[in-house]
Amino acid sequence: MAERPEDLNLPNAVISRIIKEALPEGVNVSKEARSAIARSASVFVLYATSCAKSFAVQAKRKTLAAGDVLAALEEMEFEQFVQSLRDSLEVYKKEIKGKKEASEQRKRNRVEVTVEQQADGQSVDAETGVMVDEGEEAEYGGGVVMEMEN
Numbered sequence: 001m002a003e004r005p006e007d008l009n010l011p012n013a014v015i016s017r018i019i020k021e022a023l024p025e026g027v028n029v030s031k032e033a034r035s036a037i038a039r040s041a042s043v044f045v046l047y048a049t050s051c052a053k054s055f056a057v058q059a060k061r062k063t064l065a066a067g068d069v070l071a072a073l074e075e076m077e078f079e080q081f082v083q084s085l086r087d088s089l090e091v092y093k094k095e096i097k098g099k100k101e102a103s104e105q106r107k108r109n110r111v112e113v114t115v116e117q118q119a120d121g122q123s124v125d126a127e128t129g130v131m132v133d134e135g136e137e138a139e140y141g142g143g144v145v146m147e148m149e150n
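The sequence shown runs 1 to 150 under full-length UniProt numbering.
Bear in mind the hints are in silico, worked out from the structure with no lab data behind them. No residue lacks a Cβ here, since even glycine has one placed at the ideal position from N, Cα and C. You may find that some hints are simply not true.
Think about it this way: if two alpha-carbon atoms lie no more than 30 Å apart in a straight line, the pair counts; the simulated DSS-like pairs of lysine-lysine are [to be verified]:
#1 K62 - K94
#2 K62 - K107
#3 K107 - K53
#4 K62 - K31
#5 K53 - K93
#6 K62 - K93
#7 K31 - K60
#8 K20 - K93
#9 K60 - K93
#10 K100 - K53
#11 K107 - K93
#12 K20 - K31
#13 K20 - K62
#14 K60 - K107
#15 K107 - K94
#16 K60 - K94
#17 K107 - K97
#18 K107 - K20
Now the in silico label distances, taken between C-beta atoms and shown as ranges [to be verified]:
#19 K97 - K60: 38 to 48 Å
#20 N28 - E101: 23 to 33 Å
#21 A22 - R106: 33 to 43 Å
#22 N28 - K93: 33 to 43 Å
#23 N28 - R110: 46 to 56 Å
#24 K100 - S35: 37 to 47 Å
#25 L85 - V29: 40 to 50 Å
#26 L8 - M76: 33 to 43 Å
#27 S54 - S88: 15 to 25 Å
#28 S54 - L89: 16 to 26 Å
#29 D7 - M76: 22 to 32 Å
#30 S84 - K60: 28 to 38 Å
#31 I96 - N28: 33 to 43 Å
#32 Y47 - K99: 26 to 36 Å
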């Protein structure tokens with residue numbers, strides 16, 4: 001838990017960026033208004049977290065899940081945001097899945113290239129996937145490291 005109340009505040013740069021993106025260009029916000037918005041945002045986050053925690057505790061879990069946060073928003077009577085948050089969550093999950101699949105594909109490609117090179121009699125460093133010329137001296141275990149093109 002935070003030792004000081006200031007520790008619970010969101011970073012001013014983040015708050016300023018959100019305010020700037022939400023308002024039309026040319027609108028100025030006073031320092032006091034910016035401070036009030038920052039404190040309000042901090043209170044909102046703390047309250048939403050507390051409500052979400054109660055859903056996790058009811059489900060006998062120690063980790064908050066996205067569903068807990070969505071349920072908390074409904075309980076807090078912010079239903080109008082739930083659908084757009086669900087949509088954003090789906091987009092996020094698809095992005096993560098795509099990145100994971102791309103990473104796995106790169107690993108498979110490296111393994112395939114390594115197997116092909118070994119079948120051709122070329123030595124390949126198992127960790128890096130870099131072709132090693134065994135005929136010449138070098139720092140890396142007696143071979144010269146040569147870059148491979150994809």
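Evaluation of the provided hints:
Between the alpha carbons of K62 and K94 the distance comes to roughly 25 Å, so the proposed pair stays at or under 30 Å and holds. A hinted pair counts as satisfied when its Cα atoms are at most 30 Å apart, and K62 with K107 does not qualify at roughly 34 Å. Distance restraint check for K107 and K53: the Cα-Cα separation of roughly 38 Å exceeds the 30 Å cut-off, and the hinted pair is therefore not satisfied. Between K62 and K31 the alpha-carbon distance is near 38 Å, which puts this suggested pair outside the 30 Å criterion.
Restraint check for K53 and K93: satisfied, since their Cα atoms lie roughly 22 Å apart, inside the 30 Å limit. Distance hint between K62 and K93 is fulfilled; the C-alpha atoms sit about 22 Å from each other, no more than 30 Å. With a C-alpha separation of about 43 Å, the suggested pair K31 and K60 falls outside the 30 Å cut-off, and the hint is violated. In summary, the hint linking K20 to K93 is supported, as the alpha carbons are separated by about 28 Å, within the 30 Å threshold.
At most 30 Å may separate the alpha-carbon atoms for a hinted pair to count; K60 and K93 meet this at roughly 24 Å. Note on K100 and K53: the hinted pairing holds, with a Cα-Cα distance of about 29 Å set against a maximum of 30 Å. With a C-alpha separation of about 21 Å, the suggested pairing of K107 with K93 holds against the 30 Å cut-off. A C-alpha spacing of about 13 Å is found between K20 and K31, which places the hinted pair at or below 30 Å, so the restraint holds.
This hinted pair does not check out: K20 and K62 have alpha carbons roughly 36 Å apart, beyond 30 Å. With a C-alpha separation of about 38 Å, the suggested pairing of K60 with K107 is violated against the 30 Å cut-off. Distance restraint check for K107 and K94: the Cα-Cα separation of roughly 20 Å lies within the 30 Å cut-off, and the hinted pair is therefore satisfied. Taking the CA atoms of K60 and K94, the gap is about 28 Å. The hint holds against a cut of 30 Å.
Proposed proximity of K107 and K97 is supported: the alpha carbons are some 15 Å apart, at most 30 Å. Under the criterion of a C-alpha separation no larger than 30 Å, the hint pairing K107 with K20 is inconsistent with the structure, at around 42 Å. In this structure, K97 and K60 break the distance hint of 38 to 48 Å, their C-beta atoms being roughly 28 Å apart. For the pair N28 and E101, the supplied restraint of 23 to 33 Å is violated, since their beta-carbon distance comes to about 46 Å.
Our hint of 33 to 43 Å for A22 and R106 holds, since their Cβ atoms are close to 39 Å apart. For the pair N28 and K93, the supplied restraint of 33 to 43 Å holds, since their beta-carbon distance comes to about 38 Å. The given range of 46 to 56 Å is respected by N28 and R110, whose C-beta atoms sit roughly 54 Å from each other. Our hint of 37 to 47 Å for K100 and S35 holds, since their Cβ atoms are close to 41 Å apart.
Here the CB-CB span from L85 to V29 is close to 25 Å, at odds with the stated 40 to 50 Å. At roughly 18 Å, the beta-carbon separation of L8 and M76 lies outside the given 33 to 43 Å, and the hint is violated. S54 and S88 have their C-beta atoms about 23 Å apart, which keeps the hinted 15 to 25 Å range intact. Distance hint check: the CB atoms of S54 and L89 are about 20 Å apart, consistent with the given range 16 to 26 Å.
Taking 22 to 32 Å as the suggested C-beta distance range, the pair D7 and M76 conforms, at roughly 23 Å. Take S84 and K60: their Cβ atoms lie about 29 Å apart, and the range 28 to 38 Å holds. Take I96 and N28: their Cβ atoms lie about 38 Å apart, and the range 33 to 43 Å holds. Taking 26 to 36 Å as the suggested C-beta distance range, the pair Y47 and K99 conforms, at roughly 32 Å.
In summary, the structure is inconsistent with hints 2, 3, 4, 7, 13, 14, 18, 19, 20, 25, 26 from the numbered list given earlier, while agreeing with the others.
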